[in-house]
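Peer 1: Chain by chain, the residues:
Protein chains: 2
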Amino acid sequence: MVIEKGERLILLTNDDGLYAAGLKTLLEVMEEFGKVVLVSTMESQSGMSQALTVKTPLRVKLLEENEKHRIYTCNGTPTDSIKIAVNQLLDRHPDWVVSGINHGANASVSVLYSGTMAAAIEGCLYGISSVGFSLNSFSSTADFSVCRTYIRLIMEKMALEPLPQGVCLNVNIPAVEKKDIKGIKVCRQSKGNWKEEFEKRKDPMGKTYYWLTGSFQNHEPEAKDTDEWALANNYVSVVPVSVDMTAHWFIDKLKEKLGK
Amino acid sequence: MVIEKGERLILLTNDDGLYAAGLKTLLEVMEEFGKVVLVSTMESQSGMSQALTVKTPLRVKLLEENEKHRIYTCNGTPTDSIKIAVNQLLDRHPDWVVSGINHGANASVSVLYSGTMAAAIEGCLYGISSVGFSLNSFSSTADFSVCRTYIRLIMEKMALEPLPQGVCLNVNIPAVEKKDIKGIKVCRQSKGNWKEEFEKRKDPMGKTYYWLTGSFQNHEPEAKDTDEWALANNYVSVVPVSVDMTAHWFIDKLKEKLGK
Chain A
23 MVIEKGERLI
33 LLTNDDGLYA
43 AGLKTLLEVM
53 EEFGKVVLVS
63 TMESQSGMSQ
73 ALTVKTPLRV
83 KLLEENEKHR
93 IYTCNGTPTD
103 SIKIAVNQLL
113 DRHPDWVVSG
123 INHGANASVS
133 VLYSGTMAAA
143 IEGCLYGISS
153 VGFSLNSFSS
163 TADFSVCRTY
173 IRLIMEKMAL
183 EPLPQGVCLN
193 VNIPAVEKKD
203 IKGIKVCRQS
213 KGNWKEEFEK
223 RKDPMGKTYY
233 WLTGSFQNHE
243 PEAKDTDEWA
253 LANNYVSVVP
263 VSVDMTAHWF
273 IDKLKEKLGK
Chain B
23 MVIEKGERLI
33 LLTNDDGLYA
43 AGLKTLLEVM
53 EEFGKVVLVS
63 TMESQSGMSQ
73 ALTVKTPLRV
83 KLLEENEKHR
93 IYTCNGTPTD
103 SIKIAVNQLL
113 DRHPDWVVSG
123 INHGANASVS
133 VLYSGTMAAA
143 IEGCLYGISS
153 VGFSLNSFSS
163 TADFSVCRTY
173 IRLIMEKMAL
183 EPLPQGVCLN
193 VNIPAVEKKD
203 IKGIKVCRQS
213 KGNWKEEFEK
223 RKDPMGKTYY
233 WLTGSFQNHE
243 PEAKDTDEWA
253 LANNYVSVVP
263 VSVDMTAHWF
273 IDKLKEKLGK
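Going down the list, the sequences are from chains A and B.
In this text, residue positions in the first sequence follow this note's numbering: the first is 23, and each later residue adds one.
In this text, residue positions in the second sequence follow this note's numbering: the first is 23, and each later residue adds one.
Calculated from the structure, these hints are not laboratory results.
Built from N, CA and C at the ideal position, the CB exists for glycine as well.
There's no promise every hint is true.
[Claimed, not checked] A short, non-exhaustive set of chain B residues, derived as facing chain A with CB atoms under 10 Å:
1. I106
2. N109
3. Q110
4. L112
5. D113
6. S237
7. F272
8. K275
[Claimed, not checked] List of simulated lysine-lysine pairs, DSBU-like, C-alpha gap at most 35 Å:
9. A:K204 x A:K217
10. B:K77 x B:K46
11. A:K200 x B:K275
12. A:K77 x B:K275
13. A:K27 x B:K46
14. A:K277 x B:K179
15. A:K213 x B:K224
Let's have the full structure, built from the sequences with the hints guiding it.
Peer 2: In structure tokens, the structure reads:
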């Protein structure tokens, strides 16, 4: 693959592993926009958040190359994939970092746990326009084709003007037929949390172990400006995500509290 | 350990493992404030961010119990430790989640990668007043005693009034002598990123592997209201961290951009 001068270079990853259907769809759409370097793990890395691999070495393998893309596997996390691509595999910074399409929504506080969004956040930290895409379905037979229209629409806007420094996009797409999607809605992260329901079991040796399961609790189901509301009402939700986690509104109050 | 009605219950964890000196110091200081349940991993979980363990089961073991504390080990991440404690090990929500003291600073964007801060963020998502503490030294012989005064001071304020919903504290303490610390400074997360310098090596079979290393790039070394500046100038930095990652200031501009 030759990347011509002035040609768009797109770095693509996900957290569901190299053979995930969502990744294939996103690769195909991205090839309409430029040359694609894909770096992904073989296995799923769901729920890995912004985790880094610091205790074991990373390995990277070039699996496939043609005129449109290069595909690498990496044995680390989604964040590692972005770091090693930017620093070792690419001759220059990519124009975009694109991640997904995740099997399952990453709305509300899931942005904090998501490997898909961590990759977009990592791209953003390098000053690259970065977007994470998720489909609101955990089904292994989920139909990602509905995503194509909205990915195109959003990336066409990105092509006109990059995102500002420190902001990336968290895009969640309803898993319904195309005709039922009402459009795009820019929104804020819904307030909520995951309520765990650990499943307690005994192993064959009689020792206790737990499986982490949980259900999402929406703290503001009535609010219409949130990503959860948008998704539940068949809109594609787009949340601008800030890498600055400071609660700026609380700084003055905290100064009073701590007397500083 | 009996937790009397009305007595303060403190959940403690870290990401450096059960035998880290910083955890011992924090346990001792927390015992001045209430009964402590400590849940930690045996080994270090640095750089694990908000990662969850979803592919393997979790196991928990009660290691030690006395009148002041209960100590458990958990084989998961710092976030898992908080989740399993809140949902399986404790009869009621703790009054505080406290994490650390981390070996090494977690200022600026390190909040995104830090297992220590992830535990505090997890506590915050449950609506619990949560604080992560870090000492600005990676040395295995780092002296954590200087932290005691400032941990006490901050937690005494927490005791008067809980933190607001959705906000936890990221506290970084300079690794200097007590007499050289100028005091506490409430600040914002500094703009910056980690620049990777992957170390490329060959294994005995001649295959390439990489070690992730890096150095922090401060994008605004002159700004005096940031955590990086505070630490570099011998102040204890306190950043209020928001679990809402929405870039609220960009919502209207993004609506214009996407036409929604």
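Peer 1: Each hint needs a verdict: does it hold in this structure or not?
Peer 2: Checked hints:
1. I106: Holds - the Cβ of I106 (chain B) comes within 10 Å of chain A, reaching about 6 Å at its closest.
2. N109: Nearest chain A Cβ about 4 Å off; hint holds.
3. Q110: Since the shortest Cβ distance to chain A is 5 Å, the answer is holds.
4. L112: 12 Å, violated
5. D113: 15 Å, violated
6. S237: 12 Å, violated
7. F272: With a minimum Cβ separation of about 4 Å from chain A (threshold 10 Å), the hint on F272 (chain B) holds.
8. K275: 8 Å, holds
9. A:K204 x A:K217: The given pair, whose Cα atoms are some 30 Å apart, holds under the 35 Å limit.
10. B:K77 x B:K46: Holds - the C-alpha atoms of K46 (chain B) and K77 (chain B) are around 31 Å apart, at most 35 Å.
11. A:K200 x B:K275: Since the Cα atoms of K200 (chain A) and K275 (chain B) sit roughly 27 Å apart, the hinted pair holds (cutoff 35 Å).
12. A:K77 x B:K275: This hinted pair is violated, its Cα atoms lying about 42 Å apart.
13. A:K27 x B:K46: 56 Å, violated
14. A:K277 x B:K179: Roughly 11 Å between the alpha carbons, so the hint for K277 (chain A) and K179 (chain B) holds.
15. A:K213 x B:K224: Answer violated: K213 (chain A) to K224 (chain B) is near 48 Å, above 35 Å.
Going down the numbered hints, you'll see the structure goes against 4, 5, 6, 12, 13 and 15, while the others check out.
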